[in-house]
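Let's have the full structure, built from the sequences with the hints guiding it.
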Amino acid sequence: MSGEAQMAHVRPSGRRWTLPSVTSFADVTEAVAAPMMDRPAGLRYWIAFAAMAALTLAGAIGIWASLTYGPGLWGNNSAVVWGFPIANYVWWIGIGNAGTLISSLLLLTRQKWRASINRAAEAMTLFAVSMAGIFPILHLGRQGYFYWLFPYPATMGIWPQWRSALVWDFWSILSYLLFSCLFFYVGLIPDLATLRDRRGSVAWRRFYGVLAMGWQGTPLQWRAQKRLHTIMAVIAVPLVCSVHSIVGLDFAASLMPGWTESIFPPYFVVGAFFSGFAVVVLITLVLRWSMKLERLIVPAHFDVMAKVILASAIVMGASYGAEWFSAWWGGGPADIRLVAYEFTGDYWWLYWLMLLCNVAAAQLFWLPSMRTNVWALTVVSIAVLVGMWLERILIILNTLSTGYEPSFWRTYAPTIVDFVILIGTLGAFVLLYLIFARLIPPVSMHEMRELVSEERE
Amino acid sequence: MSVSPDRRAILRMIAAGAAASVAACSRPKQTIYPAVNLVDGTAPGAISRYATSIPLAGYGRGVTGLVVDDRPIKLEGLAAHPASMGATDLFTEVSILDLYDPQRLRTPTSPAGPASWGAFAKAAYERIAPRRGDGLAILTGRITSPTLRARIEALGRRYPGMRHVRWEPVNDDAALEASRAAFGRALTARPRLQDADVILTLGADPLGPGPDQVAHARHWAARRRQAPMPRLYAIEPSLTTTGAMADRRVAASPADLARACHALAAAWRGGDAQQLPAPLAKLVAQAARDLAGAKGRALVLAGEGQPAEVHAFAAWANGRLAAPVDWIAPVDSDPRPHGQSLAALSAELHAGKVDTLIVIGANPVYAAPPELRFAEAMKRAVLSVVATTIPNETSVAAHWQLPLSHALESWGDYRAPDGIASIAQPLIRPLHDSRSAIELIDLLADPAADADGYARVRDTWQSLGPDGWRQALIAGVVPSTVAAPVAVGQAPLVLPAIPSETGLALETRVSPNVYDGSFASNAWAQECPEPLTKEVWGSSARMHPRDMGRIGVLDGDLVRIARAHGVVTLPVRSVRGQAEGVVTLYTGYGRNGSGAVADGVGVNAWVLAGEGPTGVSKAGGNAPVLTTQHVFRLDAELAKLYPVVKPGEKTTPAKSQPTLVPPNPPNKDAPPQWAMAIDTDVCIGCNACVVSCQAENNVPVIGPDEIAMGRDMHWLRVDRYEVAETEGAGFQPVPCMQCEKAPCEPVCPVEASVHTAEGLNAQVYNRCIGTRFCQANCPYKVRRFNFLDYAGSSVWGDADDASIQAQRNPEVTVRSRGVMEKCTYCVQRISAAEHDADADAEHRPVGAVVTACQAACPTQAITFGRLDEPGPIREARADPRHYALLEELGTRPRTTYLARRVNPGDEA
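Going line by line, the protein sequences match chains Y and E.
Residue numbers for the first sequence follow my numbering, beginning at 4 and rising by one.
Residue numbers for the second sequence follow my numbering, beginning at 13 and rising by one.
One thing to keep in mind: the hints can contain errors.
Unchecked claim - Here are the computed lysine to any residue pairs in the SDA-like style, where the Cα-Cα straight-line distance is at most 25 Å:
1. E/K652 - Y/P163
2. E/K753 - Y/M259
3. E/K391 - E/G173
4. E/K652 - Y/S456
5. E/K753 - Y/A255
6. E/K667 - Y/A255
7. E/K667 - Y/W332
8. E/K658 - E/R588
9. E/K753 - Y/S265
10. E/K680 - Y/V342
11. E/K652 - Y/W165
12. E/K652 - Y/S329
13. E/K365 - E/K680
14. Y/K115 - Y/P23
15. E/K753 - E/S843
16. E/K134 - E/V408
17. E/K294 - E/S512
18. E/K667 - Y/D338
19. E/K667 - Y/P23
20. E/K667 - Y/S265
21. Y/K310 - Y/P268
22. E/K652 - Y/D338
23. E/K753 - Y/P409
24. E/K667 - Y/S329
25. Y/K295 - Y/Q146
26. E/K667 - Y/M259
27. E/K652 - Y/P268
28. E/K652 - Y/V342
29. E/K652 - Y/T414
30. E/K753 - Y/W165
31. E/K753 - Y/K310
32. E/K652 - Y/P409
33. E/K307 - E/E321
34. E/K753 - Y/D338
Read the hints as simulated data drawn from the structure, not as lab findings.
Predicted, not measured: the structure shown is a model, and the values here were computed from it.
Below is the structure:
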């Protein structure tokens, strides 16, 4: 591998994305693998594990009850027929988007800094999309028949109805989940081989050996892996955009005021990156601290991500503005009524809170020092997650609580089961992440080595 | 371990089985005859129709019972019967559920526990016969039945010491008192609304709940359809159905109402006019002018709850106006006033003069005025017996509870409010070990008597002869029995005394859902939204906002209403159209001891009966009654949802919008194409359609807890809006619009929401997976979702609810949990008509298809039919008042409306 040829692919930048103490490939491997393989999980890990397992169990009980007794356990009513499950779904899938985006879009644009965080982000995608995938099925009235969305060769010759955005949704989630798994795995193979070849217990090395599928690091294998990874990245970018566009179409392809908006697909995509980056920031902060990865994840990483969040917040604000403007400009009485209801209706304080979280909070990142401040990053990221969840639920509630027929205006109040299921998926997400962090290198070692080699030359 | 047969083995078995069955199947050797022409109604699963009658407050109302496989599943109107005229009201519709009510008494119970009729007969006979009836009193509701009256009279001859008391909590004592004063004898006024050009109501609600509602509504609507449009003025303490439909309406306290009578008399006769509030003065002036100008076709109606003086004033006014009123001898021939009769009985019980009490179909412990202390009086009886279908306050306090047969289980006869007699034939054998009132009376005379109501009724109508009897049963009425009008002179002028205006006045009105309490245990009645407030499972006190402000309460806050003999605490609600100074309560709630449905719902307004001031104070706390509609006023552009026009004025159609949705159905010319038109000008919001739909389409009851979650299941809702022009209200029934470009269809991922070739927007229940996108995208919000297993759950508490299933319509799927359901235009009725279609040319349905809501409608506001041929639907669509709901969305609804009309204000 010639350094000259490699340099041609790196965008010149004065920045360094690793600390100078990392000097060799072995340093990278040890920095990543040692905390995972050699050090036992501490008490704090197991406390977190137990807490998250408990939340997951609670969520599972909530889901079991919902499957047994029906959607009547939730707050949904005859007018507001959608509620938490749809909002949770849109929120989780939005979070999931950022992982693939970081990996693929930044790979294609040769943003080398992605190497330190892409594995964590991809894993996050996988888990978030898994959480998201629960809800479209759970949300159904007759969950056992969810497969009717699939064009299987039914004896009655009945097919799904292709005009429905929910069918598009089904395919977009399915393809996105499958794709994310493959993309994650393709990028993981060289690292699995590293773990196989590293000293350690035989059982674990055998485990990684099977997963590494005979990777030997030959130039031919490297070339094939790189090519496949890049091609998948090329596919991933439109896929990431399409997934959330289609989620946006779930609402936009309708007749209801506040939903029939052509801005929804791009606005949903931006919102997805927004919340996804917030989660990546949180995860990176935790990993960096808990697994002692300060040498590989540096403040500059947070600086970049904070800028992305700030930019997204501005776009979100503009999108809200566009919504209000188009209601006023279009002059549809139902749309104007809806905007007025958003600000002053039954859920007014949630709406104002959402604006605070989604638009105002991230403005803090105009200050460079805030972009690398752990607390600012944490608070803003959590605010963004809360704000984005509120946005999703409010899209549903505002429109369905004030439709065209005032005689059927009804408000919505969630039940304990709604909250238990939402919190259960949060618990399950973190639980999966905890397992992941002890099982799979949370930082891509082979890409870090590449980065280090470039930076050291 | 079982060994599975291989493929060859299975084929061999099939072959062997087929051969065996072929060998086994052959005709019998003797000649057998297939059923070529079945006697009508005998085919399994076929619906047969029987005319019969069921009572409300003792008066008979003709019904057509739809019977499938020997179980009645639905009651429809009976065209030949003047109290039905082919339509129904809520009480008729819900009666079918009472038949199958799980809470019904199933067997007689003695003080010692379950017993038999024989044991009861013996116990009663031993007590009554030796004393020749001394100390025995039989308390019943109103009796119009010639047979029952004859049997009671016969019993009285056998036991001379016995007395019979009849008492209805909702009665006509005031009206009869007025007629006695005016004409020297008790007479019942029968207003002919069909002949009235101008009507003034003084607290009267002819279109409201009661035995006459259907007939009055039909006649009123018939006149309203003719030009020139009649005028309706209303002066009333609180908003009523009739007031809602008025051209001009003023809410008036009892004092103002009395003053209005004075002012009206002064306007016609000269003299001092009473000082009236400006709106009332204006209305009185207009009404006085219009009434006088329409002599012979003008009518003044006094409300049932008004004092006798107001009735007397109305009698005078009607005489002066030569009003279209027939006076008839009371159909209920008992001359004693209800209130006095019960008071006398109670006094005798207290005094020990009556020690044996038999109550049949009345509930005095619940509804008697509290000053009578009836419960205590009854405790003094040595033997108390209550016969009732569903346990009630009186029956649980009695020694013996006897299961009374439902009207659909027993032979009987009734007279309608206009006197016409009808014979009630049972449509089903008694479900439980019950007897009818006639059979119970027989048992008192002779403990060995068979339960033979048929023979008793047949005896009464011996004069009809076999053919006449058969004809009377088929037709549902006995010919030539209508009461003949009596000629009366001019009633003298009576000016009502003006009540003092200190404090609030209490108005108790009959509930449109549970009547006097008789229907409180009926789950359909409880869950049906009350017409004016849309309250379900309970009822608030209604007050004027200023009165509420004075005691510092807001909507839903609890108030304490105290009178001399009773106190209740209940939530309050401000309703537009309520008179200042009046607090209004519905009767029939606050039951106790009548099963899981009725108990604890609302408060008992009967305990507030009696004289004396009414104290209303803040009770602290907030517990609003559930409602299904929160917005009644349509501001600004929303007014288009319920257009109100002047007579002759046109509605403005909306601009049609471009659409991407393909035309539905593709071949719109292929007959038949179904459509519905609803005339909001005659819709009185009575809810007969809502419950009729519920009965026809197996719509489940979900109970107050689910309603509190904001869920409901009625396929048809009646939206109620305020009409600013009149201070009244308007009603708009909203079933599925069956949009040609239905927003629900393209969003369903599994194609459960599809369009039929006949223009129906069909819902395929067994394909539905419950994404609810259809309802989310429905601008009319007419779809209903089974959030839980509503069809399988029970609101009847611990009672075994298996009997409810017998009511279900076998032609309509019972929906499972997780399925979306909606109005189908009664597709099962369409299919039935098409099933009978001529095999030849065009697959034309036989006969007119009548939807359940249409059949029920007393004012015939709902028209259903075909769009592809000339007929009522095309006529409605050509009407200048025609409009489609949310037309601007481009959904092209098949259900469309005719606008409400209000006479313009030509000021006097």
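Practice task
Compare the distance between the alpha carbons of E/K753 and E/S843 with 25 Å, and conclude whether the hinted pair is satisfied.
Solution key: holds, 23 Å
Problem - Pairwise hint evaluation, Y/M259 against E/K753, where the allowed Cα distance is 25 Å at most - result: Within the cut-off at roughly 15 Å; holds.
Problem - Restraint check for E/K658 with E/R588, where alpha carbons must lie at most 25 Å apart - result: holds, 23 Å
Practice task
Quickly compare the C-alpha distance for E/K652 and Y/S329 to 25 Å and report which way the hint goes.
Solution key: Within the cut-off at roughly 23 Å; holds.
Exercise for the section: Below or equal to 25 Å on CA atoms is what counts here, so check E/K753 against Y/D338. Expected result: holds, 21 Å
Exercise for the section: Would you mind confirming whether the straight-line C-alpha gap from E/K667 to Y/P23 stays at or under 25 Å? Expected result: Violated, at about 71 Å.
Exercise for the section: Mind checking the alpha carbons of E/K667 and Y/A255 for me, to see if they're no more than 25 Å apart? Expected result: Given that 25 Å is the threshold and the Cα spacing comes to 23 Å, the pair holds.
Handout entry: Given hint Y/S265 paired with E/K753 - CA-CA distance at most 25 Å
Key = Cα-Cα ~21 Å, so holds.
Problem - Pairwise hint evaluation, Y/D338 against E/K667, where the allowed Cα distance is 25 Å at most - result: holds, 18 Å
Handout entry: Proposed proximity, Y/V342 with E/K680 (alpha carbon, max 25 Å)
Key = violated, 39 Å
Exercise for the section: Would you mind confirming whether the straight-line C-alpha gap from E/K294 to E/S512 stays at or under 25 Å? Expected result: Distance of about 23 Å is within 25 Å: holds.
Practice task
Would you mind confirming whether the straight-line C-alpha gap from E/K652 to Y/W165 stays at or under 25 Å?
Solution key: The given pair, whose Cα atoms are some 35 Å apart, is violated under the 25 Å limit.
In this structure, the hints that do not hold are numbers 1, 4, 10, 11, 13, 19, 25, 27, 31, in rising order.
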